[in-house]
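Enquirer: Line order of the protein sequences matches chains A and B.
Our numbering numbers the first residue of the first sequence as 3 and each following residue consecutively.
Our numbering numbers the first residue of the second sequence as 3 and each following residue consecutively.
Bear in mind the hints are in silico, worked out from the structure with no lab data behind them.
Certain hints may be false.
If several chains are the same, the list does not tell them apart, and a pair holds so long as it fits within one copy or across any two.
Said to hold, decoys possible - Computed cross-link-like contacts, DSS-like style, restricted to lysine-lysine with a CA-CA straight-line distance of at most 30 angstroms: (1) Lys232 x Lys119; (2) Lys276 x Lys16; (3) Lys119 x Lys276; (4) Lys119 x Lys235; (5) Lys49 x Lys119; (6) Lys276 x Lys235; (7) Lys49 x Lys16.
There are 2 protein chains.
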Amino acid sequence: MSDVVGPEGGQMRKLLRVGPGPVDLAAIDPRSTPGLPAAAGRGPARKEWARAQVEALGAELGRQQEMLYANAQSAAGPGSATSEPSHADAGLGGDRRHRVLLVLQAMDCGGKDGTVKRVAGAMNPLGLHIRSFGPPTEEELRHDFLWRIRRALPPPGYVGVFNRSHYEDVLIGRVEGLVDEATWRSRYATINDFERELTGQGVTVVKVLLHISYAEQGERLAERLTDPTKYWKYDPSDLDTRDRWDDYQAAYAEALQRCDSDAAPWFVVPADRKWYRDWAVAHLLRETFDRLDLGYPAADFDVERERARLQGQMGSGQVNGR
Amino acid sequence: MSDVVGPEGGQMRKLLRVGPGPVDLAAIDPRSTPGLPAAAGRGPARKEWARAQVEALGAELGRQQEMLYANAQSAAGPGSATSEPSHADAGLGGDRRHRVLLVLQAMDCGGKDGTVKRVAGAMNPLGLHIRSFGPPTEEELRHDFLWRIRRALPPPGYVGVFNRSHYEDVLIGRVEGLVDEATWRSRYATINDFERELTGQGVTVVKVLLHISYAEQGERLAERLTDPTKYWKYDPSDLDTRDRWDDYQAAYAEALQRCDSDAAPWFVVPADRKWYRDWAVAHLLRETFDRLDLGYPAADFDVERERARLQGQMGSGQVNGR
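This is chain A alone, in the form it adopts within the complex (with noise of 0.2 angstroms):
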């Protein structure tokens, strides 16, 4: 397995990281490659570098994981890992109550299910907390918008994945009037009092908009209507949606403008090529952790006591001791 090659770290945090001020999505290249390194080489074998690069990091995402989930899972607290945030923001080193929650949205197209698959799919299915959104049932729209968000939040030392979210009644509410421009204007600040207040529960937030462009989204629903084993991923109201590009773009610049913060960031993926996007998610991710510095549980029992009984049980045999 390869190594992890660059960018250096925090990087990308910093690189895809929207505003501050107005977001102009039409300035952002959806063929981009920020921060991609030299050592990726150029033209096609970009594509074969990031996949390995991605699969190296996947492994990294997984002791991370599982370095999160044991912490939640043990009485002791942490061991090795320091409790000092090493970062102002994070302020969460050594929580028990420790989670992360990465938020995926994109017009249709956009690439989603395809990084779930990829990125998520690399760490242990054990610990992954993933959960859809589609238009609001009935129950659901019978309680306020969050309602149903609240209840999908990942356990203490879960890796959450939201595909769409809340965001979605900024975005669709908006653009297609399903509620008047007070209500959804109102949103923006309910949504972010929302996120402080799940910082606050350890709940560590990377929002990303996965950005594709126009004729990269023809080209996608043209496989999508020629190809049968896809047909299923087609829906007539898609080109409804694609009518009202100019609309839903503006609609996602104001929520990212409105809604970005320390707490709860927005990036925004170029997401045309799709080894860069989840090259750019994988390492998102990986910052992310790094911030959190985990580190393995110490022991919650007496250990030299519980290998004295395992010996025991075992007979005359050896307890492997180092």
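Since chain A is already given, all that's left is putting chain B on it; use the hints.
Expert: Frame of chain A, contents of chain B only:
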């Protein structure tokens, strides 16, 4: 990627199925490798071979899982798949309520987590529904023992994995005397009724006991007591449970015998060798999927009309028709 090589279709389900009649776990060697084809080679080479096979099987399981998911999503029902059941006891082909439920049971260190990581981990996490059952909570204890199980069932289209299950209620419940004998004895019939009900709801159940030896459990516990990154997996009560090894084996044997049925069969997978364990469980899943005879659903929209609409939006560009 290598191709999947042997065993013959359906063979693992036959080889590893318990009974009929009394189950004698002591007669099943936890280091044996039933069904492993000659292509695996001999000695240590088999491990590498099996790992590569599990990877190839994982890709195949991923395709099956996607078809399962696609059918549940689609309003059109099955397309290329026949809706005729191809086996007398399958009877579920083309049902939109289809889901698969893998139930994993084992003594401590039996490899449940490892199996989930390697076998379920080869599938798409979006379509997995994994639930672990620990000691019941106070709320759970106020309900019937199947209450928490029913709430944890996979939705249609999903592959569910139970990491422990309702069988704990005739295992730990019996051995530790948590309930009286009349109570745990009555549960066999309750479980059989429940599992028959599941089958009627489109849930295909595969129950697997990962069968390890007392000596191998000792080795694995010793590892958890020497490697500080594994302390979190250890609990002093593990040794108390180990002290009642024979009682647990007897409880397993009776549960497997009383709750094995064609609709919800029990399989015993020798699990001292992790590579064999993963390979065998992957094959059991594959053979289970094969019996469902899945295909991708037909389009539930007018394909030509949608192509024309998309082409209109794309201007003069030709939609990639075949």
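Enquirer: Quick one: which hint numbers does this structure break? Sort them smallest to largest.
Expert: none
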